[in-house]
Amino acid sequence: MNSSAKTFRHGVHPPECKATADAAVTRIPWPDEVVVLLSQHTGAPAKATVVKKQQVVRGEVIAEAGGFVSVPMHAPVTGTVSAVDLALNPRGELAPAIMIKRDPDADPEAVHGSPRDVDGLSAEELIKAVQDTGVVGLGGAAFPTHVKMKVPEGKKIDTVVVNGCECEPYLTTDYRVMVEQADKIIAGIRIALRATGAPQAVIAVENNKPAAIEAMMRAVPAGAPISVCSLATKYPQGAEKMLSTAILNREVPSGGLPSDAGMACFNVATLAQLGELLPAGRGLIERVITITGGGVERPGNYLMPLGAPLRHVMEFAGIRPDARKIINGGPMMGASVASLDVPLTKGTTGLLVLRDDEIRTGRLEVYPCIRCARCVDACPVFLNPSALGLLGRKARYEDMAEQYHLYDCIECGCCSYVCPSNIPLVQYFRIAKAMLRERSASK
Amino acid sequence: MSDQQGPPSSMDVFLRGLWQENPVFVMLLGTCPTLAVTNKVINCFAMGVSVMFVLVMSGLLISLLRSFIPKQVRIASFIIIIATFVTIVDYAIQSISLDLYDSLGAFIQLIVVNCIILGRAEAFASKNGPAKSMLDAVGMGLGFTFALLCLGVIREALGNGTLMMDTPFEISLFGPNFAPWSIMILPPGGFFVLGLELILFAWLRKRREQRRAQTAQA
Amino acid sequence: MNTESLPSIFINTLIVNNFVLSMFLGICPFLGVSSKKETATRMGVAVTFVLLVSSVCAYGINIVLNYIGAPYLTLICYIAVIAAAVQLVEMVIKKYSPALFRALGIFLPLITTNCAILGLALFQTQKGYNFVQCLVYALGAGGGFTLALIIMAGMREKLELADVPDIAQGAAITLILAGILSLAFMGFAGLGG
Amino acid sequence: MSAESRLLEIGTSPHIKAPEDVRDIMFNVVLALLPVTAFAVWSFGLSALLLLAVTTITCIATEHVACLLAGKPTTIRDWSVTITGLILGLTLPPGTPLWMAALGSVFGVVITKSLFGGLGYNCFNPALVGRAFLQISFPVAITTWVPSGLPGRFTSLLPSTLTAPFMNMDTGAVGAYIEKALAAGGIDGWSGATPLSMWKFADTPEFESTLRLFSGMIPGSTGETASWLILVGGFYLIWRNMMNWRIPTGMLGAAFLLSGAFWLTDRAAYPSPVFMLFSGGLLFGAMFMASDMVASPMTSLGVWVYGAFIGVVTVIIRIKGALPEGVMFAILLGNALSPLINGLTQPKTYGVKKKGLFRI
Amino acid sequence: MTTQAQAAAAPAAQHNSGGSIPMLRTLGGLALLSGCLLSLVYQGTNERIARNFEARVRDAVFELLPGATQQKVFEFSGSDEAGKDTPFTAYAGYDDTGRLVGVALEASDGNGYGGEIRFLYGYQPDTQQVVGMKVLLCKETPGLGDRIKTDEAFLDNFKALEVPLADDASALAHPLAYAKPGKGGGPGQIEGISGATISSKAVARAMHNSASLMLPVIRKHLSELQENKP
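Residue numbers (the working numbering), protein chains in the order written: chain A, -5 to 437; chain B, 8 to 225; chain C, 531 to 723; chain D, 74 to 433; chain E, 671 to 900.
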C-alpha cells in the first residue's frame, strides 16, 4: 500500500477477495422472461406505457419517467408483454413491474435506437437526453444520473469526480469496465463535464487496481482536463463523502449534497453506459454484474439483461452445496437476498454467494460493548458508534439523533465490521432511523 | 400503612417510622449524619438520641403552637425552634462527655438542617395534635436510630473488631489479633455499607413481593 | 488564630478533605442533583455562590456574637442569617438577571437546607480563620462540591446505559459509585501540606 | 427447499466481520501478563504462586456466583475476570495474607463489576478497586515487602501467607524469616523497603540503580518489579492492536516530563525521571491497568488527556503526597474522569460545523 | 432527599401580604423565648463544660507524671523562634509529700495528616527527660495516623527522651527530630511509625517547637515551681 496516496481518515481494511478481477466480461444465456420493475431507482417510479400482450422490441421505451427525479424504462429483450402487474422487488415488497416473455425467434442482440449528435446539444438538452437513456447510478445507489448533472441554482460544480474505487470486497464490475471500456468512460466524462459545466474531472481509482489506472491514463486524450488520481485502498473509499475529502479536501455539509462541496460524483460504470448509450440514442437495458464468492461454481463478471430473475442467474452460475448466503451487492453494504424470484435491477452491482467460513470468521456470541473504541477509530464520518449502539439498545432514539448525529451515519458498516463484541451496530442505527421516521410521520 | 384508608391509628403512626417509612432506608433523608457518624456504635446512639430529642421537643412545641404560627413564617419559626433545641443538645453533650462531643464533631449542630426534622415538622407536627406528633417523632427517631445502628454495628465490628468501643461496655468480637478493615471507619466505608444495605433491603423487598405474588396465585 | 496558608486551605478543601467525599456534607443534593452534567454544574455554581455569601455572613456574625458574649446564639443566628441571605440573593438575582435566575433559581431554596452551607460556617469559626482565609475556604469547599458533583454526573450518565441489576438501581448504585470515588480521592492525602 | 430457505435467510449488512472478538482480546491480555506472572513466581516463590492462584480463582468464582444470582449466563469464559484476578495478584506484595487477597478479589469484582451489570459497564477497573480497598484497609500488610530471589522461596511459605482469616499478619515473624533466609544465603542487610519508599522516606534519599530496577531484582509488588517483562507484554499488546498505545505513551511521557522538571530543580532531593518510570507500579499500571478499555475514554484526544492526567497525578502524589505510590489512585481518578474527558474531546462529526457533546 | 423540605420552603418564599404584625410578633416571640431558654441552658452547663475540659487535662497530667497526686497550674511566657512572646501553661505535678514530680506541657502542630495534633508531655526537670506523651486531639486517619495514640514502639520514644539544655540554659542542647522507623537511636531522635510518617513527623515537630520554647522557661522558674506547692 502506498502510504502517500490520497485518502480520508478512519475506515477499515477488510480482505479484498477480488478473485474475479481477471475474468473478462461475458454475456449470460438469455432468460425466457424478464421482470422490469418500474422503480429500480431512487425517486418516483416510472409509468408503464405498454399494455398486456403488446409486442416490444429490445431497447424500446416501455415506461416513461414519473417526474424529474425519475427515469424511463426500456425493454431488455424483444418479445411480448405478458403482464403489467405486481412483482417481488429486492426489498421483499410487491412493486409494479412489466413482465416480458422473450421471443425466442427474434435476434437477441438487435437493439432499438436512433443516434444523435451529442455536441450540438445545449446543457439543458443534454440533461434531458441523459434522462432519456434511463441511466441511474450503477454503483449501487441507483440515483438518476441526470438529476446529479443538473446543478442547483446558485451553486457551482468545479470538479467531476469519477468514482472507480470499488472499495467493497469481492466486487470487480467497475474494475472490468475500466479495463475494458475506458474509451466509453472518457466519452461519458465529456458528457458529464458539459452537462455540469465543470472545468475538470478526476478519475479516482484505488491503488490496488494498477491495470485500471493504467487503462484510464492511456484513455485520457492529451490536453483533456481529465486526470487520474490513485487513492489508498481502504473501505469506504468509494463513498461520495470520502471521495470529497480525499480528492478535494472538502467536507460535504451535514444534510447537504455533494454539489454543496462543488463536486459531482459519478460511478465509472454509469459514465461508460452513458458514453455508449447517449450518442446511440439508446436506453439502459443491461449491465455488468460480478457473481462471486466461495459458494458459487462459475464466478465471473457477466453482462446481463436487466430484469433477469435471480433464479435464472443462479442456475447459470451454479450454487455449491456449502453455500450459506446470497447477497445482492457487496458484503459491507449489500442486502441479503430473501427470494430467488426477484429480478436484477439497475442498482445490482454483484451477487455474492458466500460460504459459512466466509461469513463467520469468528465466534458469533454478542458481548457487551467494552468501549475498545475500534468503531470510533473506524467510523469515516467521525461518529461515536459505541454510544449510538448503547443508546439504541435502550431505545433512546431521540438522543441518538439530537446528540450523536445519527442522521450523518452513512451505514457503511465499518463499525459492525470491527466490533469485537459482535454488536449489530448498523442494524441499531437503521432501526433508530426507521422508528424516528415513523414517529415524526405519526405526529 | 400508606395504602390504608382513613386516619392512621396511633400504633401505625409509631411503627411506620421504624420500617415502612424509615427516614434513612426508604426516604433517604438525613444521609449526611448517617454516613458521617456511624463509624462507632456509641456515636449512633448519641446521634439517634439527640435527633429523637430534637424531633420530640420541636414536634411537641410546633404542634402546640401550630394555630398561632402564621403560614408565611412557618418555616422560619420551625427553624428557630429546631435550632434552639439543637443548641441545647449541643451543650448537653459537651457537659456529659467531651470525647463523645469530639467524635460527633459538627454533626450535632448540623441536626438543624437535617431534613428529617424539618420534614416531620412540616408534614406532621404542624397538622396534628401534640400526642400524635410526639408518637410520630419517637417512631421516626427510633427509625433513624435503627438505621444508624444498622450501619454503625457493621462499620465498627469490621473497622475496629469491637462493639461499643470507647464505652465501659466495649466488647471485642474477634480477639486481640484481629486485623481491622480500616476502610470501614473511613469515608468510603460509609458509602459502601449504606449502598450495600440499600441493595440488601431492595432484595428482601423484591423477594417478599415475589412470595406474595406466588401465594396470591396459589 | 489560624496561620494555615491560603493554597493549603484551598487544596485541602478542594480535594483532600472534599466536603462531599470525605466530610459527608451536602450528600442530599449530591445524590439528588447529580444525574445530569448540566444541572450538576449549575447546582455547583449556585452552591459555591451561596457558600461565599454565607461565609462572609458567618464571619460577621461571629465577630458580633463574640463582642456581646453570647456564643450560645451562634447556631440560631447562622441558620437564620443564611436562610435570609439565600432569600435575598434569590430576590436580587431575580430582579437583575432573570437568565441567571432561570439557571440557578430552582436550586436556591434547596440550598438553605444543604448542610454544606451551615457546615462551612461552623467549621470556619471552629478553625478561627481570618476573613481572607474564610473566602478561600468557601471557594475551595464550593469548588470541591462542584467537582464531586460533575464527576458523579459524568459517571451516572454513563451508567444510564448500563445493565445495573434492578435491586441496585437508584440511590444504592450512586452510593457505591460515591464510595469508589471517595476511595480514589484518598490518594490525594497529604497534598495540602 | 430447506437448503434454499437456509440460503435465503435474512441478515443485515455488513455480512463479513473482522475475526477478533472480545474473548480474543482478553485472552491476549492474559498472554501478555504471563511472562510477568512467571517472573513473579520465580522471584518470590511459592507464596507468590499461591497468592496469584487465590486472587484469580476467587475472582472467577465471584463472577460466576454473581452471574448465577443475577440469573444470567456465566461470563467467566470471556477471560476478563481472569485478567482482573491476575492483575490484582500482581499488584499485591508477595507476602499478602491469602484471606486478604481473597477479600480484595470479592470486593473488587462485586462492587465494581457485578453491581454495574458486568463487563463493559463498570466505571472503574475492578482489580484497582480491590487493590485500593486492601491498601486503605490493611495499610501495614500491604506495605510489608519481601526481597526478590530470597533463598528457600520454593520450599517454604512466608509466615504471613497463611495468616488465619480476619487476623492480622505478624510483621515481626516475616522480618525474622527474611533475615534468617538471607543469612542462610550469606547476605545481610535488608532495608525492608521498595526503591520508591527508600527514596521517599529515607532522611537522605537513596536511589536504586536503573539496571536493578529494570531487571526486577528488587522488592515490590509481585508483578511490578520486572520492568523488562512488563515492556515485553505491553509491546505485544500494542503490536496486536489489543491496547491503545496512546495511554501508556501519554502516561509515561507525562510522568517523565513532570518528574524531569522536578529533578532539574533539585537533583539531590528528587529522583531522576528514569527512576520514576521504572520504580513502583508506574510501568505496570500504564501497560495493564490504565489501558483497560472499559474504564478509559474512547476518543484519540481523550485518551492522550487521560494518560497524561494519570501520569501527572502519579508524580504529584509520589513527590508531594503522603503515600509512597500514587499510580493506583491516579488511575482510579482517571477512570472517574474518563466520561468527562470523553465529553470534552468529541471529534467533529463529518460535515457538521459545531462540535457536539460526547456524553458517554 | 430534600424534596420535602424543598416543598416546605417553596411556599415560604412567596410573599403573601397578610398583615406582617402577627408574623413579626410570632418570630419575635419565638426568638425571645429561645434566647432566654438558651442563655439559661448556657449558664447551667457552662461551668460543667469548663470542668470537663479541666478534668481532661488533669487526668492526663496524673497519667503522665507517675507518682503525682496533686497538681497546680502555672502561666508562663517565653519567646519563640521568631522572638515573639508566647504565653503557655505548665501543669506541675506533686507527690503526696509535696515534692515536684514533673511538669506537663502542651505541644501542637497544625500540619498533621488530618489537621491539628495536640498532645501533653511530661517533663522531669531534675533528670532533663521527657517521661511520657499523651495525645489530646488527633484527627488522623483511623488505623494509620492515629496510631500515634496507641503504637507502643512510638510511645516508647517518649518514655525516657533526653532533652538536655545547652550550657547557658537558654536553648536545647540538641534538637529533637524525626527519624525513620528503625533508624533512630541518636540523641533527640524520635522514631516514626511506618505507614504513618506524616503524623509521626508532626508529633516530632511539635515536640521540638514546644520543648525549645518552654524548657528554658521552666528551668528559669524551677524554684518557683518547687516552692509554690498546692
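A portion of the hints provided could be inaccurate.
What the hints assert, rightly or not - Covered stretches of chain C, going by a simulated chain D footprint (3 or more residues, C-beta under 8 angstroms):
(1) 558 to 569
(2) 709 to 720
To be verified - Computed, partial: chain B to chain E, Cβ under 7 angstroms:
(3) Leu22
(4) Leu25
(5) Ser84
(6) Leu107
(7) Leu170
(8) Thr174
(9) Ala223
(10) Gln224
Honestly, the hints are just simulated from the structure, not real lab data.
Only a predicted model underlies this, so the values are computations on that prediction, with no experimental measurement involved.
Every residue, glycine too, gets a C-beta built ideally from N, C-alpha and C.
Outcome of the hint check:
For the segment 558 to 569 of chain C, the stated coverage by chain D is violated: 1 residues have a C-beta nearer than 8 angstroms to a C-beta of that chain, whereas at least 3 were required. Coverage of the segment 709 to 720 of chain C by chain D holds in this model, with 11 residues showing a Cβ closer than 8 angstroms to a Cβ of that chain against a need of three. With its C-beta approaching chain E no nearer than about 20 angstroms, Leu22/B sits outside the 7 angstroms limit, and its interface hint is violated. Because the beta carbon of Leu25/B sits about 19 angstroms from the nearest beta carbon in chain E, more than 7 angstroms, this interface hint is broken.
Proximity of Ser84/B to chain E holds as hinted, the smallest CB-CB distance being about 5 angstroms (cut-off 7 angstroms). The restraint placing Leu107/B at the interface with chain E is violated, with a minimum CB-CB distance near 11 angstroms, outside the 7 angstroms limit. For Leu170/B, the shortest C-beta to C-beta distance to chain E is roughly 16 angstroms, which exceeds 7 angstroms, and the interface hint is violated. Of the supplied interface hints, the one on Thr174/B is violated, with its beta-carbon coming no nearer than about 17 angstroms to a beta-carbon of chain E, more than 7 angstroms.
The beta carbon of Ala223/B comes no nearer than 32 angstroms to any beta carbon in chain E, farther than 7 angstroms, and the hint placing it at the interface is violated. Given the 7 angstroms rule on beta carbons, the hint for Gln224/B is violated: about 36 angstroms separates it from the nearest Cβ of chain E.
Hints 1, 3, 4, 6, 7, 8, 9 and 10, counting from the list given before, are not met by this structure.
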